[in-house]
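Next come the chains, spelled out residue by residue.
There are 2 protein chains.
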Amino acid sequence: MKSKESNGKSTPLSPPAKHDQVYEALRESLVRGRIVPGRGVTLRGLAKTLDVSLMPVREAIRRISAEGGLEVRSNRRVFVPDMTTTRFEELVVARSLLEPEAAARALPLIDSARLKRIRAIDDEIDVALRTGDVEAYMTANHAFHFTIYAAAPSPVLIPMIEALWLRFGPYMRAVYGRVGTGILVDQHERAIAAIAARDDLGLREAIRADIMDGMNMIGSSLLEPD
Amino acid sequence: MKSKESNGKSTPLSPPAKHDQVYEALRESLVRGRIVPGRGVTLRGLAKTLDVSLMPVREAIRRISAEGGLEVRSNRRVFVPDMTTTRFEELVVARSLLEPEAAARALPLIDSARLKRIRAIDDEIDVALRTGDVEAYMTANHAFHFTIYAAAPSPVLIPMIEALWLRFGPYMRAVYGRVGTGILVDQHERAIAAIAARDDLGLREAIRADIMDGMNMIGSSLLEPD
DNA sequence: CCTGCGAAAATGTGATCACATTCTTTGAAC
DNA sequence: GTTCAAAGAATGTGATCACATTTTCGCAGG
Chain A
1 MKSKESNGKS TPLSPPAKHD QVYEALRESL VRGRIVPGRG VTLRGLAKTL
51 DVSLMPVREA IRRISAEGGL EVRSNRRVFV PDMTTTRFEE LVVARSLLEP
101 EAAARALPLI DSARLKRIRA IDDEIDVALR TGDVEAYMTA NHAFHFTIYA
151 AAPSPVLIPM IEALWLRFGP YMRAVYGRVG TGILVDQHER AIAAIAARDD
201 LGLREAIRAD IMDGMNMIGS SLLEPD
Chain B
1 MKSKESNGKS TPLSPPAKHD QVYEALRESL VRGRIVPGRG VTLRGLAKTL
51 DVSLMPVREA IRRISAEGGL EVRSNRRVFV PDMTTTRFEE LVVARSLLEP
101 EAAARALPLI DSARLKRIRA IDDEIDVALR TGDVEAYMTA NHAFHFTIYA
151 AAPSPVLIPM IEALWLRFGP YMRAVYGRVG TGILVDQHER AIAAIAARDD
201 LGLREAIRAD IMDGMNMIGS SLLEPD
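Heads up: the protein sequence lines correspond to chains A and B, in order.
Counting in the numbering used here, the first sequence runs from 1 upward without gaps.
Counting in the numbering used here, the second sequence runs from 1 upward without gaps.
No lab work stands behind these hints: they were computed from the structure.
Quantities reported herein were computed from a predicted structural model and do not represent experimental measurements.
C-beta atoms are modelled at their ideal positions from N, C-alpha and C, and glycine is treated no differently.
Mixed in with the good hints there might be a few duds.
Unchecked claim - Pairs of lysine-lysine, BS3-like flavour, derived with a Cα cap of 30 Å:
{"hint": "1", "chain 1": "B", "residue 1": "K48", "chain 2": "A", "residue 2": "K18"}
{"hint": "2", "chain 1": "B", "residue 1": "K18", "chain 2": "B", "residue 2": "K48"}
{"hint": "3", "chain 1": "A", "residue 1": "K18", "chain 2": "A", "residue 2": "K48"}
{"hint": "4", "chain 1": "A", "residue 1": "K18", "chain 2": "B", "residue 2": "K18"}
{"hint": "5", "chain 1": "A", "residue 1": "K48", "chain 2": "B", "residue 2": "K18"}
Unchecked claim - Examples of chain B residues toward chain A, derived with CB under 8 Å:
{"hint": "6", "residue": "R63"}
{"hint": "7", "residue": "R76"}
{"hint": "8", "residue": "R87"}
{"hint": "9", "residue": "E90"}
{"hint": "10", "residue": "A94"}
{"hint": "11", "residue": "L98"}
{"hint": "12", "residue": "E101"}
{"hint": "13", "residue": "A104"}
{"hint": "14", "residue": "A150"}
{"hint": "15", "residue": "V156"}
Please build the complete structure, drawing on both the sequences and the hints.
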């Protein structure tokens with residue numbers, strides 16, 4: 001029995017910690033490609049930008065580094081990891097293994113409301129592709145995938161997949177900025193059809209195809225030697 | 001051109017950072033099951049134990065938490081995550097997806113020297129199983145798997161798999177302590193045979209069987225409701 | 001022109017202090 | 001004995017300072 005439970009309002013939880021806000025801001029910057037891969041990240045620079053002291057920045061960077069979003073080199077300086085060929089391939093493989101599984105696990109729990117939302121997001125993607133809006137495309141594409149996966153609570157798989165997307169972020173932006181979004185083909189119709197049909201294998205294969213499609217297009221573009 | 005490169009000795013790199021040492025110590029404690037799942041972890045407690053200030057502990061905990069080895073609850077207090085049924089299943093699925101892939105990628109690069117080492121480790125496992133030495137079994141089992149995977153440099157997959165093992169650590173210990181190692185069957189012979197035969201699919205299946213075998217045995221044991 | 005060296009600025013790390021929040025204990029009222 | 005509230009201890013968080021290491025810049029020598 002909790003003696004608390006004072007007011008009926010939402011839990012009066014502690015105000016969000018600053019290191020969490022810094023973490024979110026950093027993650028956002030990486031996903032949106034606002035941090036150039038070559039240039040390094042400095043604690044004091046981030047602290048000044050976000051108007052906090054070094055402390056929250058240190059903890060946020062430690063956390064993002066553990067997720068692979070940043071890399072602390074032996075100099076102890078922090079960089080956006082270089083995208084080498086093998087790293088790229090490994091990231092793609094990991095995505096192609098985990099995401100179909102996450103989708104399949106979510107499938108039985110996707111109700112009509114969520115499917116409707118997924119369809120709406122797919123429409124947004126179509127618009128973004130036609131207008132060439134890279135920012136909107138990336139946001140909507142992320143929402144499409146994770147609205148599917150999140151139908152089932154997956155406290156293990158989803159964070160793992162999020163970490164993979166985080167690692168692609170900076171380069172997706174660079175690639176799209178170079179080749180544009182015109183080449184992208186919308187492979188999501190297959191996924192939507194499979195969801196509507198409750199087709200487990202079909203959904204797995206659709207997600208896998210979507211990943212391979214987008215990644216193959218990138219593969220030919222920027223990649224550094226090992 | 002680096003102007004450095006002064007002496008031929010190993011790089012005179014900075015002395016290891018304390019937060020890295022604390023991180024290693026923490027990870028070790030979790031894998032070895034020295035931290036009871038129920039009890040919490042306090043910054044000052046760890047700092048006193050390891051004889052450092054709060055700073056390195058804070059960064060180490062942030063890092064381990066990002067890897068899923070610890071959990072910062074909304075109270076901002078740190079615990080070993082509870083092993084629920086769904087969490088357990090997700091962890092097993094992730095292992096069964098990533099580890100066969102890592103093994104298959106390593107297969108072409110496993111030379112005779114490494115295979116010899118793998119065989120030696122398997123012998124250690126047999127001994128540990130016969131003598132019921134839980135500690136030795138866990139160490140050797142870890143070495144067996146990662147000696148295979150590490151044949152190919154996998155800067156993405158291997159850390160992900162390590163993070164999964166880290167999450168099992170505390171409970172493996174608890175389970176083995178309860179049911180003993182007598183039940184364990186050594187499924188590694190299949191893997192060794194597949195490596196010797198350069199049998200990609202055979203190795204994948206052997207690794208997968210090994211995972212399922214060990215995990216299924218655990219599944220019936222301790223697990224909390226969601 | 002550029003090569004190398006020394007000074008100066010910048011950076012990451014660790015320690016200590018202060019403070020708000022949370023947990024634990026204590027003690028009185030019923 | 002049980003319940004509840006207040007006092008006390010413990011904990012996580014953030015800021016500031018100090019220091020060793022690294023990087024960057026300027027200037028001399030070739």
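Consistency of the hints with the structure:
1. B:K48 / A:K18: OK: B:K48 and A:K18 at ~26 Å, within 30 Å.
2. B:K18 / B:K48: Distance of about 14 Å is within 30 Å: holds.
3. A:K18 / A:K48: 14 Å, holds
4. A:K18 / B:K18: Within the cut-off at roughly 24 Å; holds.
5. A:K48 / B:K18: 26 Å, holds
6. R63: 5 Å, holds
7. R76: It holds, given that the least Cβ distance between B:R76 and chain A is near 7 Å, below 8 Å.
8. R87: 6 Å, holds
9. E90: 4 Å, holds
10. A94: At 6 Å from the nearest chain A Cβ, B:A94 passes the 8 Å test, so the hint holds.
11. L98: 6 Å, holds
12. E101: Hint on B:E101: holds, closest Cβ of chain A at ~6 Å, below 8 Å.
13. A104: 10 Å, violated
14. A150: 14 Å, violated
15. V156: 4 Å, holds
Figure legend: structure checked against the earlier numbered hints; hints not met, in rising order: 13, 14.
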